[in-house]
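**Q** Each chain is listed here by its residues.
Protein chains: 2
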Amino acid sequence: EKLWENGVVEVAKIAKKMGEDDPRRIIHSVKMVSTLTLVSLFYYLQPLYDVFGEEAIWAVLTVVLVFEFSVGATMGKGLNRMTATLLGGALGVAAKYLATLFGGIGKPIFLAASVFIVVAIVTFMRFHPALKARYDYGLMIFILTFSLVTVSSYRDDEVLEIAYKRLLTIVIGSCICVAVCICICPVWIGADLHNSVAKNLEMIGDFLQGFGGEYFGRVVEDGDDKSFLEGYKSVLNSKSTQETMANLARWEPFHGKFRFRHPWKQYLKVGTLTRQCAYKVEALNEHLNSEIDQTPSEIKSKIQAPCTIICLESGKALKELGGVVRKWTSSSSAISHITFSRTASEDLKSLLKTVYLLEDGDLLDIAPAAAVALQLIGVVKCVEKIAEAVQE
Amino acid sequence: EKLWENGVVEVAKIAKKMGEDDPRRIIHSVKMVSTLTLVSLFYYLQPLYDVFGEEAIWAVLTVVLVFEFSVGATMGKGLNRMTATLLGGALGVAAKYLATLFGGIGKPIFLAASVFIVVAIVTFMRFHPALKARYDYGLMIFILTFSLVTVSSYRDDEVLEIAYKRLLTIVIGSCICVAVCICICPVWIGADLHNSVAKNLEMIGDFLQGFGGEYFGRVVEDGDDKSFLEGYKSVLNSKSTQETMANLARWEPFHGKFRFRHPWKQYLKVGTLTRQCAYKVEALNEHLNSEIDQTPSEIKSKIQAPCTIICLESGKALKELGGVVRKWTSSSSAISHITFSRTASEDLKSLLKTVYLLEDGDLLDIAPAAAVALQLIGVVKCVEKIAEAVQE
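Chains as they are written, first to last, in the numbering used here: chain Z, 1 to 392; chain W, 1001 to 1392.
Just to be clear, a hint being listed does not mean it is correct.
[Said to hold, decoys possible] Going by beta-carbon spacing under 8 Å, a handful of chain Z positions derived as facing chain W:
hint, residue
1, Ser29
2, Tyr43
3, Val64
4, Thr83
5, Leu91
6, Val93
7, Phe127
8, Val151
9, Glu282
10, Glu286
11, Leu288
12, Ala373
13, Leu374
Because the hints were derived from the structure by calculation, they are not lab data.
Note that the Cβ used here is the ideal one computed from N, Cα and C, for glycine as well.
Put together the whole structure using the sequences plus the hints.
**A** Have a look at this one:
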């Protein structure tokens, strides 16, 4: 009894957290089920039922299968489903009429043979990466419709009418899904991608801004918020998510500031550069907790000034660039931050050139600090590249 | 005419390449379509048709939807589909009988209300990451079956019999899919994951083995095969692929050396450590093409000996570990390679300690070489961790 009660409380907590993390999830659930109810009216209401008959149930089925969280995914599935049903149905009906030319045992053999050849080819096509990324669902529905129509045409002579009604209900179902998805609190996956690119830039910026203080100051206070040191980690593995988003975003119609042929590739480019920057940040982060990095602070302090400037300025630049992406503005302050950090990076280089004599320690002591300095110089270059990509 | 001909040749080339890249794709297409033909016999053969009737078409539908490339994916979808159809159907039938308690207008209202509540809850559940990873398809089929049964029960009084026949054909269809998938040239996704983990280790090993020669020798010959320098890049972004594979592999029954509760988490752990190593390798790779890395070769030559040993030995160790994973063996030579590289790493450290005076250049010249040395020391630690994880 008690255990069961605890279970319910636990589930309620999880549900609450999921809802709070992204309230659009709750809206989506309500949207989806409202659409489903709307579509089941085709079945409940007598006048509509008279038109579509039993096949009205396919509209319900379509809603369950096509209605997705984001507009891009819903449109992709809807368009795929409509086109594939049309093509698969047409080809199936054609096979049926060809089959009637053969009498008796020839008919099922012809039907089976055509299923065999067409389905084998389309199944193989599904492995093609470009087709898989955008048309996988359509190819599956094509196989499905073609096999259903072809196989059932062996017994059923009203295939054409059934196919027509089914196509009609599927088209209606898909269109209702897309309409509801776009009109009521739409979730644009393109906007999500846009924000994710911006957020990744800002997280790297956060890290860099914090890194200088952490590395040179190292005043460890409990209760300090160190979350900025972890944020960049999600950037490292962002590639596949961003690519999926870009694929879905291509389905979306123009909306707000997103044009129809929005340059999604640019987002992926900025994303890739951001990840390269994140790899460097990962290397920097190693130095924070490394055991071999026992550089005495008097050595660190020699390079502290330019390094701190680089950290702060390139961090600011990245956050500024993130803001540029997020708000569709252009920003001169990002460029000035980059200029500052480039100057600091030149200073750092000439500072390193003046160190001829290792008065304060051996190379093993100095090397980590020097490595940090080099990484930071690399980060500056990387930030410059990102800035160029963002300008485009 | 000519253009069309070129198009055909082009498509044929792509198809040939896809087939050569992974011949299992061709086998899969043939397997899938054979299963489909087999299942459509339910429809073609009179005795079977007498039993299942129109509902036999659901077996065809099931094959198209459930039959996947790997055993894990097929079993996952099949089990999800069977369970979800059973539960959804049972709940739908229950709703139907409860609805009959209300007369007249109460019936459709009760049906619509129950669809509304159940579907909204399950749609929301689909956002839960753990459920999404393994049961997303099942939850969708549950929604589908429940809505279909509930909605159609408004008009159809034979719901119970239809639901029963449909469940039966779906179970038969799923079982045939799983049986064909396992018995004829099975593609075990668990084995694929196993090999991918091993291959990633070997690719990092390849890079390290080649890196020493590249960095210190830098004898650029055209026509040299530099592909080993690129291989590691795919490791950087392997996280999501490996996680998907592990999720699917959990569905697979025991086979060969894979037990039922195979420790897939260990693979993910080794995969994560391999990626960490790959980030370090990425940092090393920067030094190969970097403009700031203008270290004179006389400086490089000072650290050449231990660095080359580290590269070779840790490269060998990783390849050996890859072999250990791949062949299920344990290897003492991996441990000895690690010991060698650890010794070399200690040598390198003490070598760096002896450099007090920078006779040959300034710190900017030396720093990159020192950074490489430090990275290599880091790589050795990383390899040790991987070895530990592999032993488990």
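**Q** Determine for every hint whether it applies to the structure shown.
**A** Here is how each hint holds up against the structure:
Because the smallest distance between the Cβ of Ser29/Z and any Cβ of chain W comes to about 4 Å, under 8 Å, the interface hint for this residue holds. Interface hint status for Tyr43/Z: upheld, as the beta-carbon distance to the closest one in chain W is roughly 5 Å, under 8 Å. With its C-beta approaching chain W no nearer than about 5 Å, Val64/Z sits inside the 8 Å limit, and its interface hint holds. Annotation: interface hint on Thr83/Z violated; nearest CB of chain W at approximately 17 Å, more than 8 Å.
The closest approach between the C-beta of Leu91/Z and any C-beta of chain W is roughly 15 Å, which is over the 8 Å cut-off, so the hint fails. Checking Val93/Z against chain W: minimum C-beta separation of about 16 Å lies over 8 Å; hint violated. Interface restraint check for Phe127/Z: the shortest CB-CB distance to chain W comes to about 5 Å, inside 8 Å, so the restraint holds. Interface restraint check for Val151/Z: the shortest CB-CB distance to chain W comes to about 5 Å, inside 8 Å, so the restraint holds.
Of the supplied interface hints, the one on Glu282/Z holds, with its beta-carbon coming within about 5 Å of a beta-carbon of chain W, less than 8 Å. Proximity of Glu286/Z to chain W holds as hinted, the smallest CB-CB distance being about 7 Å (cut-off 8 Å). At about 13 Å, the closest approach between the beta carbon of Leu288/Z and any beta carbon in chain W exceeds 8 Å, and the interface hint on this residue is violated. Hint status for Ala373/Z: holds, given a least beta-carbon distance of 7 Å to chain W, under 8 Å.
A least Cβ separation of about 5 Å between Leu374/Z and chain W falls short of the 8 Å threshold, and the interface hint therefore holds.
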